[in-house]
Amino acid sequence: MELTDMQIDALTEIINIGVGKAAGVLNEMVESPINLNVPYIKILSREDMKTEVKRFGIENLSAVKMNFKGSLDGTSALVFPTKSASDLVSMLVGEEIESDDLDTVRSGTLAEIGNIVLNGVVGSIGNLLQRQLDYSVPNYVEASMDRLVFSSQSDANFALLLANTRFNIEKLNISGDIFLVFELASFDILMGAIDELMG
Amino acid sequence: MEEHKKIEERFEALNQVPIGMFVLREDFVILFWNQCIADWSGISQEAIVGDVIFDKFPDLNKPKYTSRIKMIFEGGAPTILSSQLHRYIIPCLLPDESYRFQHTTVTSIPANDGKTNYALFAIEDVTDLTKRIRESQNLHKMALEEVATRKKAENELNAAVKELLSFSYTVSHDLKTPLRGILGYTHELNKKHRENLSERGKFCTDQIKNAAQNLNGLIDELLKYSRVGGQQVSFTNISMRKIIDTLISERNQLIEEKGVIIETDISFDNIITWGTGVILMLSNIIDNAIKYSSNENPPIIKVIGVEHAGHYSLTVIDNGIGFNMKYQNKMYGLFNRLVGDHEFEGTGAGLAIVKKILDKLGGKIWAESELGKGASFFVEIPKTEIPIIDKKGESN
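So the sequences go chain by chain: A and B. Take the first sequence: its letter number 131 is residue 131 in our numbering, and every next letter is one higher. Take the second sequence: its letter number 216 is residue 216 in our numbering, and every next letter is one higher.
One chain only, chain B, in its complex shape (with noise of 0.2 Å):
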């Protein structure tokens, strides 16, 4: 009783901490229960102080917690268990019968006798770091999975986007053979058998050669459309200037034709961008202008390009038929026209394979026009900062 009462008074002050606390004599006697650790275990300090630790907590009697506990005794340095690796030490329920996270730390400390060692068990109740550092990492692992879901989607889109116009470009090649079959017997039907048709005969071959020749432009168009989705967007040094007056030079026998007057004002020429699209891109913008404005009297264009910070705007205007707003969304779609083709000629593959173009190379495209009045198409290139490589391997 002595003891207890020297050991209780020496101790009190540990009852006033937020930590649970208790010191064990080397037989493993409970000398000191704090009113922390009571709380948390439910076990009283007149219910547990003068017992041996293993009666309560079997568990403890295990050579991983005694042979580190016998050193403690034994003036040995202090020793840490963690609550990773033990969860807990005395089992403390919490409401959702859950038990407590511990980190303990186990002193020695002088016994009253002068001569052997008391062992002090200090305890951190580490539940509520233990839970959020587990939710944190729960949700930095959803995200880890969210991430790799999100690009194997993006991978199968991509393949199945290939495919796609892998198939898409094999079927327009195949389709390709029996319709110069049909064209051929059709060439030879009119020019060797002619005389030999009734007026309607005639009309249908007329008819049979027209579908043909059509289907022929479209499915071109198709493969136009499908080499430029499938084709991998590299970057290159060009001129602006020198490609748009190509562009127009190459055309020059339509515009005498048609008397088309066409400016060009473009304060920009070298940039680096993807040169096979950005040319294939223009020919169709100039081609459309030139179409759509032909039966203008006369038929003018403007070719408008102006730097800007992150791009370059490229503007092509004419004085054409022009067309409603409220169809702009649909003439980017392959083969859709907003015009009869006994008005204009034309597959309607133009302004899709522009759309593509820009998509790949991260532009942008739109147009202003009202019907009869012209239209102007806008066209944003973004600046790259992909150095180009030559043929030496040096980039420039």
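If we strip away everything but chain A, and leave its shape as in the complex, we get (with noise of 0.2 Å):
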């Protein structure tokens, strides 16, 4: 799908607002503040996908998973390569970084940090779209690219958004990136309601 440089910008501003939203949130409750931005959004084929996550060189992925459904069916997903979400938790609950492992209680607060981005982003298109969507709960996952974003749905023809996610935390002076991938059933329907916003 071939989408304007004009669609693009309102695309990748919905997004930034989202995430910045979340990151609003995620900072009343973490001990070191982290900015979030998304300095670039792709519209993508699955073949696409796969090159562009192989070009990050990572294997081992964690990412929160949500699905929706409604006026727009997809599946949202955060997703970090696993050693980051490690590290990332780490920073944010302001523990030592002793090991890569994510425990079930450190898996759990990674949810809680993907479940805050994606409601960011999500909620933000939801406003866009003015219609309800039905969501499920967050899910941790660990697996591969392959298995985690193209798994859950069979139709070939999802598009895939990928938002390059940079976040910062000043604090500790680290950053880096996660990606934000959203599949979508048709980006009619959402290009659509950013048509009509942008008049």
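This list has only true hints and no planted wrong ones.
Covered by chain B, according to a simulated footprint, are these stretches of chain A (three or more residues, beta-carbon under 8 Å):
no., stretch
1, 26–39
2, 106–115
3, 131–137
The set of hints was computed from the structure by calculation and includes no laboratory data. Note that beta-carbon positions come from the ideal geometry of N, C-alpha and C, so glycine has one too.
Since each chain comes alone in its own frame, lean on the hints to assemble the complex.
Set out below in structure tokens:
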């Protein structure tokens, strides 16, 4: 699906509003305040997505996934390389980084962090659509990208939106990348709403 | 009352689940409080249903909770409140006065009026899990600290051993200087002034000379011992047969003088090992065998080498004076001797040097003997797979 530059800009802005809200919520509860922003988004085919992920050379991924349905059907996922996921949890809760393992308690924390980010973005999109969506309970998973993103929907025509999300923890002078991935049955509704917004 | 009754009917089944659950209306009034959360919190359904939650739990009236719960009332996506970031949502005391760790999921469910939404809280008790994970983390931490402590102690010990070796080397070296003076003046006294000395004077001079020579020998051995201790083990390719042949031919004069018969039977030849160490070790063992069998007629020495799966064994057998097995551990101590100086010359450093070399190499030495019936010394040299880097930097 081809999107115009203006549509891409508008969508990036909407996602940025979402992650900005999410950062606000996160910062009320973590030890080290975090900034989140989305420098760019890409609309990709499945094959493109595989290439894109390979480019980062990441094999083990942790993700928080949430499905939604209603006027817009799809899956949203916040995807981290497992090591950064573990480090991020340690930094946010002010723990010493002792191992890369994410035990059940720490994966619960990551599920909450992912939940906040996804809710921020999905909430922004929901506001745009002005329609209520039904959501699944967010789920923490560890797997390869293929299994993380592509297993839930069998329809090869589903479009993927990859939002490269930069996080920056100023107090610790640490920044890094995480990915927001949306798998959507159709961009038409979303784009229709964006076009309407832009007049 | 009507609403409470409908709610009670709608959520009745949730009283059967082992998860703490409660339902809030959009004005934060508690509509339902299941049996599990009632048991955990010690607050009965009757005592709390109909109250605004902040009246009972004022901590929840903070933006970090209210902003997210409001989204739920608007039909937003579920919210997770994890145990690490919040510890608990509803304080529930345990018998040990600590609070239950809680992982809470809040979901939006349609209200009975069909227009608004309720917030359904589902609280999992993760206390046991958290405690076990903490215990295992503590154990892991302790194990890492233990390893670090041991490593530190090992480094300190190595440093102390190194310092001691360097100290004994320096002391031995420094002792040589005055000793050279004593030997020099005794030599001059004997050569130029001997006729002017009384018989007692001559005796004393000879005693000084002997004692000084003896001391010189001890210092030489101590220096050798220190050098072995300080040397780095470096692996090279060696020919065991060639080494043994060379060691024998270097002692030809003594062997012929004493009529010693030496037989060798080495089944392996080229091996990778610490060449200098092995040569020094074998020369000490062979010297001992010649020395302690020199009074036999004839002295017979056998050197046998066999290759095994993980090591090479070398056995040196002589038909000499042998020793009492109960002293066998004493033999490897520095300057420990099982025979008197008047019987056989020596310092008692040879086997200590052999032991040190084998310790550094990861090998073994032991002996079998009976007084007057000869002795057998068994040596094990471990096989190594460390590649030898030649001068061109290529491994072979």
